Each structure stands twice: as C-alpha cells, then as structure tokens.
Amino acid sequence: MNNKDFIATLSGKLDLTQGKTSELTTSFLSQLIGELEEDKSIHIPSFGTFEVKKKGERVSVNPATQARMLVPPKLSLSFKPSVTLKDKFK
Amino acid sequence: MPNKQSIQEMLERWITQQGISTQHARAFTDAFFATIVEGLEKDRYVKIKGLGTFKLTEIESRESINVNTGERFEIEGHTKVSFTPETEVRERINKPFAHFETVVLNENVSFTDLEETSPPDSPPSPIEPTTKPVKPEPPKKVSPPAKKQTPKHPVKPKVKPPFPWWRTILIGLLTLAIIYMIYDLTTYDDNEPPIQTTIEVAVPDTIPTITVEPVPTDSIEILSDTDGVWTSDTTLTEEMIVPEFGPEGRQNDGQPTPTRTTTTPKRTTTTAPVSTTTPVHPDSTSYEIIGTKATHVLQPGETLIRVSLQYYGTKDLWPYLLIHNRTKLRNPNVVPVGAELQIPELRKK
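Line by line, the protein sequences are chains A and B. Each step along the first sequence adds one to the number in the numbering used here, with nothing skipped, and position 67 is 67. Each step along the second sequence adds one to the number in the numbering used here, with nothing skipped, and position 8 is 8.
Keep in mind the hints are simulated off the structure, nothing from the lab. Just so we're clear, the structure is a prediction, and the values are computed from it rather than from any experiment. Please note that the accuracy of each hint is not assured.
Claimed, not checked - Straight-line alpha carbon distances no greater than 25 angstroms define the calculated DMTMM-like cross-link-like pairs of lysine to aspartate or glutamate that follow: (1) Lys-86/A / Glu-58/B; (2) Lys-4/A / Glu-60/B; (3) Lys-86/A / Glu-41/B; (4) Lys-49/B / Glu-23/A.
Kindly produce the complete structure, drawing on both the sequences and the hints.
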C-alpha cells in the first residue's frame, strides 16, 4: 500500500476529501516528528512506540579494502510494535 | 533517555496549533493507525510520506539455548513488523549529530592503547627461558665433582615468573657464600660436596616463591647423623635432602635460604604432571596464561564457552580466552564469526 492508497483509505474512513486528509496527515506527522526531535518518545496504544535512540560511534571495516573507518554516533528513529500488534501478525 | 508520553499529550499540542476539535483529532489518529494496520494486512507494507515504511518481514525459525537451563529449543518462524524511517525524517532526527562524518582511520591508530596499558601478549613465556639457563651455573662454580642430582633439574619447568635473571644469579651466589660459611663453621668432613650441589640446584627454582613456613631448627643434627648414607645412596630424591639442609642456612642468615626449605619438596613432587597436563579443576581464577597453544577461527554459532569446552574440557575457563584475545574481543557476548582466537596455554598457579 503506497501513500496514495493510504490517503484514499484514510479519507474514506474519515469522510473527508483526499486533499484535506493529506493536509491533516502532513501536519500530524510533522508534529509527531517534531516531538520526537525533542527527545521524547511517543506511545500509541495498541500500535506501538516511536522512539529516538542514540547509536554509539563504532569502528567499521570495509571488507573489500580492509580500511577501517570510524563511524560517528547518530540518532535514529526506531519503532517498537506493541504486543497486540506483534501478536496480530505472528 | 527520552521521556515517554502517550499520543494524547502530543495531540493536545497539535490541536492548539491546528484549531480542530479534540474529537476530530482523536478520530483522525485512530483512523490513521488503523489504516496502517489494515494496509499491512492487505499488502504487507504501508508507505507513508513524511514518516516512512512499515513492512512485514518473515523471521525464519532458529535454534536457541535457554539461558537458565542450557537446553536447546527452537524459536519458531514468525512475522515481524519492521519500520524504516524516510530519509528526510532520519536526517531531521539526526540533526544534532549531523556534523559528524565518517573518518577513515590510519593503520597505526589503535584504540587498545588508550584503554589498556599492557599489550595482550602472554608475558610469562619469554621469562621462562631466561630463568632456566641460570640453573646450571651455580654447580659449575662451586663444586663440580658432585653431579648426582643435576639430571633432575631440567625436568622442572615450573618457575614463577617475573624475576630478573641477574637477580636470580645474585641471590644464587649469595646463598652459595652463606653455605660456604656454614660449611666452615660446622667443620664437616669431606663427604659434604654431594649434598651441597643439591641445594645449589634447588636455589634458582625456589627463589621466586615467597611462602615461608616455620622449620624445625634441630635438623642439623639429623643431617650429620645420616650424612654417610646420603653420599652413597644415589636413589635418594632431592626433596629429602634439601629440606634438611635448608634450616642451616636459615639459622645463620634469614634472607634467601628459608624459601628453599619449604617449597622445594612441593616442586619436585609436582613436576611430572605440570609439564604435560591441561587443567583438570575448572576454576576461572587460579590459572595463569603461559603462552599460546593454538589458534581457533570462530565458527557460526560458537561462543567462548563452547571454545573453552572444546580446548579445556570445561566451560569455566572461557574468561582466559577473553583475556588472551582482548584486542579482538571487546564484549564476551559479541564474538564475531571468523575471528581468529589465540587459545592460551594455562597453568595452575
């Protein structure tokens, strides 16, 4: 299901136009990402948790050249599905 | 750690920004996530612009071991929900660290220097050879005629490590001087020499050990009594002769000789097993690494415990593998497949 299908399904559910739904979605998601940027995790009941995790720096080796590289630390967005969601697809 | 909050708190902020009713907002988010689940059911993936992709991935069944009981069991194959954030989102999240770049390291850069002062080589092995050659020296200098006991000492590889070779010689010479003094004082007859050599032989071995136990002081008399027997009897072992002679040196001078008396007997009795056997009693503290006996390339599914079991017959000696391979293994729980491990030779302390 791509973004277009997603918006179409969602608009059908909410009884809104696709344009309006798309607008709301964009606004909602930017709010969500904005909250996550502030180092907060967001829990959505019966769906899962979005969380920003810090990955430490590490040394990686290029298997072809054996060159060693220091990979810097980074923040990454992770999603942990809730137990109900997990069981649903198990 | 990020502080956890539920979607409601976030929605409140969103509502004030957007100017829509709480009811609407809640209905929207409920429908939003319900649609994602629906999409996953239908197409096994959902791509949302401005967030990322949710996907169902198959996890194959695999074997695992119960940590508590050690039993093997199978984790059945199942489907897992995975989420990959969009590149834009990823960049936004990583903004605080965006200025970092991957750096290619030069070959000589080593992080081990920063954390450990000593290289993870096995230091005892080079020391052993230096102490061994010292042994034959004292007998040559003092009393060459008596060679009775000399064939025995090459069997004794058990030398406690870090002791500079020159110090060993020095102490050896010192003890010899003392022995001569005693020799003069007690005015023994000429049968003595054989016994003397036995002591000189024992000296280099025993110096490094520090255990001193009280020894009966009247053993000199015993010595003089049985003197004649020893000179003629070649089958007598060192351990019998040496402890008798030691106390003498101890009475006159407290320094190096006492160590001899107590430790030599132990040594001679243990020499044979020590040189050949691998540790029998599983114990992760009472062994020392004396060298490398093999190299082992880690196979998939192998752990340090299994390697330990393979080489030592016990699971309990894996910490030595870690100590000996500190450059390659940072974390005992993460052992890379294909890593070449040096299997240390262990010896009971």
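Exercise for review: Starting from Lys-49/B, check that the Cα of Glu-23/A is at most 25 angstroms away, please.
Suggested key: holds (11 angstroms)
Review point. Does the alpha-carbon distance linking Lys-4/A and Glu-60/B stay inside the 25 angstroms limit?
Key: Violated. Lys-4/A to Glu-60/B sits at ~32 angstroms, over the 25 angstroms cutoff.
Practice item. Measure nothing beyond the straight line between the CA atoms of Lys-86/A and Glu-58/B; if it is 25 angstroms or shorter, mark the hint as holding. Key: holds (12 angstroms)
Practice item. Assess, step by step, whether the Cα of Lys-86/A is no farther than 25 angstroms from the Cα of Glu-41/B, and give holds or violated. Key: Since the Cα atoms of Lys-86/A and Glu-41/B sit roughly 12 angstroms apart, the hinted pair holds (cutoff 25 angstroms).
Figure legend: structure checked against the earlier numbered hints; the only hint not met is number 2.
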